[in-house]
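These protein sequence lines are chains A and B, in that order. The first sequence runs 1 to 131 under UniProt numbering. The second sequence runs 1 to 226 under UniProt numbering.
I should point out that these hints are in silico values taken from the structure, not numbers from a laboratory. Keep in mind the model is a prediction, meaning the values are calculated, not measured. Don't be surprised by glycine CBs; every beta carbon is placed ideally from N, CA and C. Hints are not guaranteed to be accurate.
What the hints assert, rightly or not - With a cut-off of at most 30 Å between alpha-carbon atoms, the simulated BS3-like pairs for lysine-lysine come out as follows:
#, chain 1, residue 1, chain 2, residue 2
1, A, K2, A, K48
2, B, K22, A, K2
3, A, K86, B, K47
4, A, K117, A, K46
5, B, K22, A, K112
6, A, K48, B, K86
7, B, K47, B, K22
8, B, K86, A, K118
9, A, K118, B, K80
10, A, K2, A, K46
11, A, K117, B, K87
12, B, K80, B, K21
13, B, K86, A, K112
14, B, K21, A, K2
15, B, K87, A, K46
16, B, K47, B, K21
Stated by the list, open to error - Restraint-style ranges between C-beta atoms, simulated for each label pair:
#, chain 1, residue 1, chain 2, residue 2, range
17, A, L27, B, K47, 39 to 49 Å
18, A, W8, B, H115, 46 to 56 Å
19, A, Q90, B, L223, 38 to 48 Å
20, A, K118, B, V7, 53 to 63 Å
21, B, V93, A, V3, 38 to 48 Å
22, A, F97, B, A171, 18 to 28 Å
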Amino acid sequence: MKVLRVVWQVLLLTVLNEAGGWVVQALQIPIPGSLIGLFLLFALLKSKVIRVEWVEAGATFLLAEMLLFFIPSSVQIVDFGAVVQKSGVQLLLVIVFSTATVMAVVGLVTEKIVRWKKGGRKWKQGTQSSV
Amino acid sequence: METGYAVLSLILTVFVYIGAKKMHRRWTYVWFSPLVVAPIVLILFVKGSGIRYETYWSGSQWISDLLGPATVAFAVPLYKNWEIMKKHAVEIVTSCLAGILIAVGSTCLFAWAAHLSPMLITSLAPRSVTTPFAMDISSRVGGQSSLTAVFVMVTGITGTVIGPWLLRQRALRSSISRGVMLGVSAHGGGTALAFTVGPLEGTVSSLSMILTAVVSLGLIPVLLTL
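Next comes chain A alone, as it looks inside the complex:
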């Protein structure tokens, strides 16, 4: 059954996340455990210890619903009524303008490197299809 498979696979990913947490605690390294879990799963997939079919359905589910996992922490804004009332507009403007700047510059820089790697000849035409 599809639902059961997703549940089982999410559990497996949770175990890997916990394992990452243990590694971080044991080695006292300043890295979130989930990141160690990511590298661990990647290594296990590469070495064929875990087959991609064993985790794919669960991973697809988690990645597709990732927005949901951010919602509880976003509701916390109710605790910062005073700060939001005082500097809310400035904070919002700073975030919006800075995010827009980063997006535009990073997008253009990357596009430039992509075209530079493809060779200067095509750079002038600027009509090649996406990679």
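Using the hints provided, position chain B relative to the given structure of chain A.
Same frame as chain A, but now just chain B:
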């Protein structure tokens, strides 16, 4: 009573999210993103019922806990697209570094110009990094990690709101630059948007997000002492 509200918070968050997602499918306006609609509805619930955020959190944190396994899940698209990753390592690494510098630099500059307090500036600095990392960085540099969580959130929403507009620009045509742009600037929110564009965009975005997070953890504390 408290427990009742905690359980209700959990169930309500899931149902509000499902409802918001359905609504977004019907009316695809950016302002109807589940990341905008669902928190508003849930804030109204918390305010309206008079419960504290801690009570809401005690029930709904189970949902947040899935962020860990979701981070681990990134290994799957990474594994399946490893060849593409190797091929575009130069673009991704260079752009991530540039992105971090511009993000921290422009945030501090704009925040300073807006006369925000040093505590708010340090809380803002790691806002383009994915939540668990950003909160960690924030507490290392003397910011308020819970405020940072909210700023990270707003950054994610901003990315999903202005992202579709930037994706229509002719200058940004390659899947690589689209993915890197969204992952570096708007972490999980941008990556979620990138996956709606295509699997390659999504994968490049998630790798950029992960790389940005790891590099930021080492780089931002150094940058802020300058």
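Looking at the structure, which of the earlier hints fail to hold? Hints 5, 19 not satisfied by this model.
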